[in-house]
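There are 2 protein chains.
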Amino acid sequence: MGSSYRAPLDDMRFALYDVLGAETLFAQLGFTDATRDVVDAILDEGARFNENVLAPLNEIGDRVGCTYDKATGDVRTPPGFREAYAKFVEGGWSGLVSPVEFGGQGMPHLAGLPLKEMIDAANLAWGNFPLLSHGATEALVHHGEAWQREVFLKPIVDGRWTGTMCLTESHCGTDLGLLKTRAEPQADGTYSITGTKIFITAGEHDFTDNIVHLVLARLPDAPAGVKGISLFIVPKMQVSRDGVVGQRNAVRCGALEHKMGIHGSATCVINFDGAQGYLIGAPNKGLIAMFTMMNTARLAVGLQGLGLSDRAYQNALRYARERLQMRSLSGPKAPDKPADPIIVHPDVRRMLLTCKALIEGGRVLGYHAASLVDITSHSTDEAQRTEADALLGFVTPIVKACLTEWGVECTYHAMQCFGGHGYIAEHGMEQLARDARITTLYEGTTGIQALDLVGRKIMQQQGVGLRVFLGMIDAFCREHASNEAMAEFTGPLRELANDWQALTMQVGQRAVGNAEEVGAASYDYLFYSGYAALAYWWARSVAAADASDRPAAFKQAKRDTARFYFARVLPRTKAHAAMIASGAGPVMAMAADAFGD
Amino acid sequence: MGSSYRAPLDDMRFALYDVLGAETLFAQLGFTDATRDVVDAILDEGARFNENVLAPLNEIGDRVGCTYDKATGDVRTPPGFREAYAKFVEGGWSGLVSPVEFGGQGMPHLAGLPLKEMIDAANLAWGNFPLLSHGATEALVHHGEAWQREVFLKPIVDGRWTGTMCLTESHCGTDLGLLKTRAEPQADGTYSITGTKIFITAGEHDFTDNIVHLVLARLPDAPAGVKGISLFIVPKMQVSRDGVVGQRNAVRCGALEHKMGIHGSATCVINFDGAQGYLIGAPNKGLIAMFTMMNTARLAVGLQGLGLSDRAYQNALRYARERLQMRSLSGPKAPDKPADPIIVHPDVRRMLLTCKALIEGGRVLGYHAASLVDITSHSTDEAQRTEADALLGFVTPIVKACLTEWGVECTYHAMQCFGGHGYIAEHGMEQLARDARITTLYEGTTGIQALDLVGRKIMQQQGVGLRVFLGMIDAFCREHASNEAMAEFTGPLRELANDWQALTMQVGQRAVGNAEEVGAASYDYLFYSGYAALAYWWARSVAAADASDRPAAFKQAKRDTARFYFARVLPRTKAHAAMIASGAGPVMAMAADAFGD
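Protein chains in written order, with full-length UniProt numbering: chain A, 1 to 597; chain B, 1 to 597.
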């Protein structure tokens with residue numbers, strides 16, 4: 001029993017090659033090894049690994065979870081997790097998109113993203129271990145000194161060690177300016193780190209001998225707030241500058257959190273008790289280094305929502321085809337059976353098609369963001385880089401918030417298709433819903449993403465990313481201006497783009513007079529933007545399918561799903577626009593003591 | 001730790017007395033004992049019982065759950081549950097709204113509903129035991145023979161025994177016409193019942209010595225489908241017609257389901273292996289008797305959504321006032337503290353106010369439905385009864401679907417207010433979200449409620465219930481036509497009523513040509529109706545507050561919440577209307593094999 005998973009290779013390739021033109025892009029960016037043959041082989045091999053190794057461990061990971069040994073502070077991962085990690089490392093997956101100079105394979109992020117999606121769908125909890133390593137890799141690549149990369153980065157890239165991000169403390173999550181962990185300089189140039197961090201994913205485990213913690217802490221006399229935070233490398237086992245592993249560092253897991261889901265992911269309290277650490281980057285500039293990690297981490301968490309949605313959808317679809325219950329309102333569709341399969345019922349179709357539209361559209365949305373990461377890091381065209389960077393900043397909070405909220409929604413619909421059976425553990429659907437629930441919370445809640453979008457990307461950066469997106473829509477609509485088969489999409493899309501722009505102006509003008517307008521509009525503006533962006537990607541998907549040599553049924557399915565999206569999902573923008581239009585007044589009027597007792 | 005609960009007595013009284021005029025209504029319906037003094041005393045006493053006895057058991061109920069003894073088939077409820085039930089019975093709560101002639105206290109349903117809400121908030125899983133007894137009571141009152149009421153009803157009313165509803169089988173949930181459980185007539189006038197029922201709430205437990213199962217089964221040669229289903233009384237311990245309890249009946253719990261939530265509620269597989277049963281009601285008319293139970297059960301499950309929402313909101317509100325994180329966008333609000341309480345942030349307020357608006361509005365919506373139950377059963381005015389019956393049929397699926405979906409939404413928002421801490425079990429928020437998730441599934445999924453509303457209440461009954469509701473809106477708007485203070489609500493309300501009517505016509509006309517239009521519109525039509533109904537109740541609530549002698553702050557809070565509702569929640573109707581307008585085409589076009597592999 002439990003839920004099953006098959007990697008949607010065909011649609012992944014469609015998103016990569018047909019919609020996003022990955023072949024041309026990779027060649028243009030100088031990824032000479034990332035030919036279609038190679039990428040296809042990676043996808044095939046990745047599908048096998050995920051379907052056969054990780055997916056079957058998903059249920060036991062939830063049921064057994066990670067366990068904590070109070071006496072030793074050790075954490076044991078669920079049965080099979082450690083062995084799966086060994087196979088992952090053996091298969092060379094840990095360094096897939098890491099730079100060749102540090103032992104990675106140097107593949108584009110866009111080529112690695114389908115693998116990431118597969119892992120998230122196959123076993124989200126397990127996937128958090130390599131995910132955190134990836135975050136640490138990013139920080140070390142961009143901010144580490146040469147010796148730090150040699151000593152700490154290479155073992156992470158080759159999978160011998162893993163990484164963490166130690167930000168949160170019990171009294172500060174979003175507001176890192178409040179953090180209290182201290183770093184005292186030592187005579188030998190190291191730092192003594194003392195403090196307690198919570199919610200540390202992969203903070204302790206039995207996969208590897210060493211764990212490289214990246215820790216935010218305050219130097220003595222550091223300025224208050226976020227301008228006084230520095231970043232430190234604090235390994236579980238002490239490591240000298242020449243790479244010799246020494247004794248156990250004063251780093252210990254103090255507890256595991258009991259969570260709603262992702263039980264196989266170790267969420268640790270980590271105590272640093274005068275632990276030896278190295279400063280990474282400049283003093284008091286830790287937050288900048290951390291932001292490097294956070295942007296890619298936010299895209300990665302968005303993908304988690306996508307992966308879970310797809311697994312949930314696949315299982316709901318199978319159930320909807322098998323489960324016989326009631327007759328179709330327009331007469332029996334399976335007269336030889338005692339009842340019709342429930343996929344004939346409009347409301348079941350509504351739920352399935354909502355998932356399908358959000359998943360396939362969301363896949364292009366997420367993959368596109370990864371292509372921007374590749375452009376910003378590998379393009380030799382400065383104008384292209386600048387534009388991609390602005391666009392990436394704009395779409396990152398959208399990808400994070402929308403894909404994760406849609407993950408909650410799709411796992412909801414999928415459970416609902418199962419009726420009461422969806423609530424029973426053995427079908428595996430409720431696990432997906434519980435696992436999905438973390439994704440809208442960690443790496444910045446949905447509200448934080450919304451504030452990043454409106455406060456920073458629209459207001460501070462004057463909407464430069466939005467303008468790039470609107471330019472893409474305009475170019476697409478012009479390109480297809482005389483294409484009658486696309487008129488049903490380009491017409492509404494053009495209108496939507498105008499409304500999107502007008503709405504942005506409206507929010508911007510209001511915010512000039514009242515800063516609260518930014519926060520009051522943020523959530524609805526983000527989702528308006530997400531649905532508008534998806535409308536564009538759905539129109540592009542239909543055009544890409546039509547232009548491809550794929551079977552007629554494939555093209556028709558894309559068109560039918562796009563039509564459903566425009567008719568049955570996109571109208572959510574009407575509600576969001578109306579809510580934004582009402583301004584901050586209704587949100588801010590209530591006195592804090594009037595909310596209740 | 002864990003979440004806490006305080007009964008919102010003040011707002012409950014406001015809904016009962018100020019908005020719904022319960023005092024006048026009870027007098028008019030002849031509930032001479034249900035004076036305000038008595039009802040108030042019941043509420044106070046109920047609050048004490050729920051806050052002090054049931055609420056503290058909520059967490060252990062989730063953590064320990066019910067346990068099953070394979071050897072004996074016995075089920076043990078979580079620590080404290082059994083003792084709490086004894087106190088419940090001792091306090092006379094089990095028969096609060098049951099007829100006096102069967103040992104009940106004969107209170108109006110409307111007076112009992114706040115108690116029900118308290119139980120659902122305090123301990124949903126525990127509340128399922130008396131809830132199922134209530135369902136059995138309804139069926140026995142309306143369909144039982146005199147001796148059956150004497151022998152089976154009285155012990156249920158006084159709490160010595162409990163009841164169940166045994167409908168579902170593994171291959172049939174919604175589609176009861178497929179059920180296979182058999183009933184063979186015996187020489188002594190009893191029936192031998194054989195079959196396996198699943199998802200039987202309170203099917204086995206340690207609260208009482210006997211359990212009265214109401215079981216749907218087929219007589220030999222019964223017609224196929226729903227017209228061949230009969231209802232039987234099948235007690236766990238055999239009981240003779242003169243009430244003598246005999247030996248153990250051939251009824252056994254075969255397993256407990258492992259569920260996402262409500263772990264303290266025993267969800268049983270029940271095996272009937274030639275068990276002795278009595279026919280209740282006419283042969284082959286079992287579904288009609290079952291519908292009697294289902295309507296009140298649907299209202300009851302709606303209340304579960306309300307209760308959970310309120311508990312989640314109370315805890316999120318407390319956290320939002322205590323948790324310090326970031327400064328307000330418009331400048332520090334607690335400059336003496338390291339950061340502002342998060343309730344200053346617009347997006348946190350948006351989430352809290354959405355909950356508050358849905359909860360307080362939903363309370364009136366749900367309580368009003370209970371008042372209709374009292375009118376249909378106790379009014380001596382036939383026209384009033386007929387009208388109430390039509391309106392009750394119309395609002396029942398709305399109450400069930402909306403209050404439960406809003407329960408999912410509010411527990412979601414409340415968790416979100418906690419940030420990552422919401423995902424950690426110790427805060428108790430994730431339990432509320434898991435518990436809430438069952439409510440949109442059992443007693444008919446949301447999709448089934450929607451089909452009942454549009455297929456039966458609008459199409460078959462030609463919208464008679466809607467017309468009554470529109471008449472209420474019209475009367476209210478006329479009454480306040482010259483009330484300037486109400487114009488901000490009555491204006492939009494009048495427009496909404498017109499649109500609601502037009503939308504109904506649109507759906508009806510489309511459905512004439514294509515039966516699939518009913519199903520394709522149903523979900524969005526139901527929620528459109530729910531939000532429209534809530535707009536009416538919010539306008540009424542503002543008017544009722546203004547007309548009362550409550551403090552100015554109370555009146556202002558009602559007005560502010562209503563404004564928020566109209567500005568920030570009601571616009572969802574725009575999306576629903578647009579989705580309905582797109583018709584069945586986008587939902588039905590996709591071929592079943594085109595949804596995916």
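It should be emphasised that the hints constitute simulated quantities derived from the structure, not laboratory data. One or more hints might be untrue.
Calculated cross-link-like contacts (lysine-lysine; reagent style DSSO-like; alpha-carbon spacing at most 30 Å) [to be verified]:
hint, chain 1, residue 1, chain 2, residue 2
1, A, Lys70, A, Lys227
2, A, Lys285, A, Lys333
3, A, Lys227, B, Lys333
4, A, Lys333, A, Lys180
5, A, Lys180, B, Lys333
6, A, Lys285, A, Lys337
7, A, Lys337, B, Lys180
8, A, Lys180, B, Lys154
9, A, Lys333, B, Lys227
10, B, Lys337, B, Lys180
11, A, Lys154, A, Lys285
12, B, Lys70, B, Lys180
13, A, Lys333, B, Lys180
14, A, Lys285, B, Lys337
15, B, Lys285, B, Lys337
16, B, Lys87, B, Lys70
17, B, Lys70, A, Lys333
18, B, Lys333, A, Lys337
19, A, Lys285, B, Lys333
20, B, Lys285, B, Lys333
21, A, Lys87, A, Lys154
22, B, Lys333, B, Lys154
23, B, Lys333, B, Lys87
24, A, Lys555, A, Lys333
25, B, Lys154, B, Lys87
26, B, Lys154, A, Lys337
27, A, Lys227, B, Lys337
Here's how the hints hold up against the structure:
1. A/Lys70 / A/Lys227: Outside the cut-off at roughly 36 Å; violated.
2. A/Lys285 / A/Lys333: Not OK: A/Lys285 and A/Lys333 at ~65 Å, beyond 30 Å, violated.
3. A/Lys227 / B/Lys333: holds, 22 Å
4. A/Lys333 / A/Lys180: violated, 65 Å
5. A/Lys180 / B/Lys333: holds, 23 Å
6. A/Lys285 / A/Lys337: violated, 68 Å
7. A/Lys337 / B/Lys180: holds, 15 Å
8. A/Lys180 / B/Lys154: violated, 64 Å
9. A/Lys333 / B/Lys227: Within the cut-off at roughly 22 Å; holds.
10. B/Lys337 / B/Lys180: Not satisfied, since the Cα-Cα distance of roughly 66 Å exceeds 30 Å.
11. A/Lys154 / A/Lys285: holds, 24 Å
12. B/Lys70 / B/Lys180: Holds, because 25 Å separates the two Cα atoms, which is no more than 30 Å.
13. A/Lys333 / B/Lys180: With Cα atoms ~23 Å apart, A/Lys333 and B/Lys180 stay inside 30 Å; holds.
14. A/Lys285 / B/Lys337: With a Cα-Cα distance of about 25 Å, the restraint between A/Lys285 and B/Lys337 holds, given a limit of 30 Å.
15. B/Lys285 / B/Lys337: Distance of about 68 Å is beyond 30 Å: violated.
16. B/Lys87 / B/Lys70: holds, 29 Å
17. B/Lys70 / A/Lys333: violated, 42 Å
18. B/Lys333 / A/Lys337: violated, 66 Å
19. A/Lys285 / B/Lys333: The given pair, whose Cα atoms are some 28 Å apart, holds under the 30 Å limit.
20. B/Lys285 / B/Lys333: violated, 65 Å
21. A/Lys87 / A/Lys154: It holds: about 18 Å lies between the C-alpha atoms, which stays within 30 Å.
22. B/Lys333 / B/Lys154: violated, 60 Å
23. B/Lys333 / B/Lys87: violated, 47 Å
24. A/Lys555 / A/Lys333: holds, 25 Å
25. B/Lys154 / B/Lys87: OK: B/Lys154 and B/Lys87 at ~18 Å, within 30 Å.
26. B/Lys154 / A/Lys337: Between B/Lys154 and A/Lys337 the Cα gap is close to 44 Å, so the pair fails against 30 Å, i.e. violated.
27. A/Lys227 / B/Lys337: holds, 19 Å
Checked against the numbered hints listed earlier, the structure breaks hints 1, 2, 4, 6, 8, 10, 15, 17, 18, 20, 22, 23 and 26; every other hint is satisfied.
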